[in-house]
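*Asks:* So the sequence lines, in the order shown, correspond to chains A and B. As numbered in the numbering used here, the first sequence has no gaps in its residue numbers, which increase by one up to the final residue, 276. As numbered in the numbering used here, the second sequence has no gaps in its residue numbers, which increase by one up to the final residue, 1269.
Honestly, the hints are just simulated from the structure, not real lab data. Take these hints with a grain of salt, some might be off.
Below, a list of computed lysine to any residue pairs in the SDA-like style, where the Cα atoms sit at most 20 angstroms apart [stated by the list, open to error]: (1) K1226/B <-> D186/A; (2) K1248/B <-> H261/A; (3) K271/A <-> L1190/B.
Take a look, some chain A residues computed to stay more than 12 angstroms from chain B by CB distance [what the hints assert, rightly or not]: (4) G17; (5) R56; (6) Q67; (7) T68; (8) T236; (9) P274.
Given the structure is predicted, the values throughout are model-derived calculations rather than measurements. Note that the Cβ used here is the ideal one computed from N, Cα and C, for glycine as well.
Each chain is listed here by its residues.
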Amino acid sequence: MNSPLLSVRDLRISFNGVAGPFEAVRGVSFDLGREKLGIVGESGSGKSMTGRAIMRLTPRAAMVKAQTLCLPDVDLLQASEKTMERIRGKRIGLIMQDPKYSLNPVVSVGEQIAEAYLIHTRSNASEAKRKAAAMLEAVQIRDPERVYRMYPHEMSGGMGQRIMIAMMLVSEPEILIADEATSALDVTVRLEILNLLDDLVRKRGLGLIFISHDLNLVRHFCDRVLIMYRGHVVETLKAGELDQATHPYTRGLLDAMPRIHTPRRRLPVLKRDPAW
Amino acid sequence: MVDIMKSQTPIIEIDNLIVSFGEGDDARRAVDGVSFSVLAGETFGLVGESGSGKSTILRAITGLVPSTATTLRVMGEDVSRERGKDFYRKVQMVFQDPYEALHPRHTVWRQLMEPARIQKVPDAETRAKASLDAVGLPQALRWRYPHQLSGGQRQRVAIARALMLKPEILLLDEPTSALDVSVQAEILNLLCDLQEEHGLTFLMVTHDLGVVAHMCNRTAVMQSGKLVETLPVDVLVNGGATEPYTRKLIAASEAYGEAPASLSQLTKV
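Hey, can you work out the whole structure from these sequences and the hints?
*Replies:* Put into structure tokens, the structure is as follows:
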């Protein structure tokens, strides 16, 4: 991989709890190139917190430390809040699970996309409107003119997520973080959104961080997968080689999933080793 | 998966079930003339995408939403209009999100005692202890509140509460979709054990065909309020579905199944 879009070395995020400091992320390291990088783990594994730290959106109480957390030209740990404002949404986009909570309920979706464009570029309202409409078309929304004027409550989940993708891509970021972006969608809609993401990431040469709890989904969608457990990466694999995973946690997760074609009487239950 | 059909006696019989929401021009049928029956001792799945009406069927059976039906019989009794106290003893429901289904300010113990109090069960304490054992929760957890439990523990409490009245039918509404896969495996195993031990009948709503394949004997496929087809699960997984919608649903699920398929192949479905 030549010159990564993002470098993370020994990322640590801790909170001061009643019972002393608690480390939610314990030394995560990876480089992101122009690829689809999956981060998989169960709830509480620190995968979302890792994504938030990249955007410097961790809660106030969180203490973030790292040897390196940087874009090629910006040290994300040292950057001022003002610099971060120019990075968030402009150079790094974030798509979350439920578009209902990410969109402003009282502004039409088209205007919201146009606003995102206006904030991050030197342009005017009519140019922004044109860009937003074009972006709606790029995320394969039928009848973009009509949808431009619609409000978030008039959208289905799949449509809302297309709007979020349009809003994040309109300012042409280098990195896109999708945090459980398709988890709330039905299987058929999920496929459409994944295809769309895949297409856009390839065409625009983005680096995508795809955070998910769904191993099967990630193995078919991503290029590379980090498996996280209790705040650290237990294994990094090429997505296609997930079947050759060696770590007992990864193996346990794969085994615990019900399978459509090879039914078993009982599902193997994960035995957690405190040493992991 | 249970291979043998346990009986041929229908325990739930539904014919032409209709649930409408809204009035006048806004009226919409969430469940539109659905008919199927569930046999005693089997696990019957209801699959479909969100908004297809599968959860509404469970709510209609229990009377949580008003419905009309030509036939709505549970254990031979007509429950289309009124449901006796006996109905609520024999039919219990487990919801998707155990955090919402449990009272936030009641201890585990009180959650368990509540149905027993309503139904005036004499040996409530013995049963509550047995229920905790049955779902594999230590007795020490009984003084905890829901927020002091993990997601898997909460769902166990919800199942333990459902078991308090020694029901014959459990209506399971996406019981594991809010849980991590490792916890899902534990809960699905638990449900299978309980079914074997107590001879329970499950009517299970899920969107996950992997879960259907693992748990169910037969399943009905729903699309926009209508039942598309009903078929044995082994036929479903072996490609025997006849309806295009069912085939599409399977193909989409297999995209992340154990049989690798490329995304581009699937768009052509």
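*Asks:* Compare the structure with each hint and give your call.
*Replies:* Comparing the hints with the structure gives:
1. K1226/B <-> D186/A: holds (17 angstroms)
2. K1248/B <-> H261/A: OK: K1248/B and H261/A at ~16 angstroms, within 20 angstroms.
3. K271/A <-> L1190/B: With a Cα-Cα distance of about 16 angstroms, the restraint between K271/A and L1190/B holds, given a limit of 20 angstroms.
4. G17: holds (15 angstroms)
5. R56: holds (28 angstroms)
6. Q67: Check passes; 30 angstroms lies beyond 12 angstroms.
7. T68: With a cut-off of 12 angstroms, T68/A remains clear of chain B, as the shortest Cβ separation is near 31 angstroms.
8. T236: Consistent with the label, T236/A stays out of reach of chain B, its closest Cβ about 20 angstroms off (over 12 angstroms).
9. P274: The assertion about P274/A holds, with a minimum of 15 angstroms to chain B.
Every hint from the earlier list agrees with this structure, and none is contradicted.
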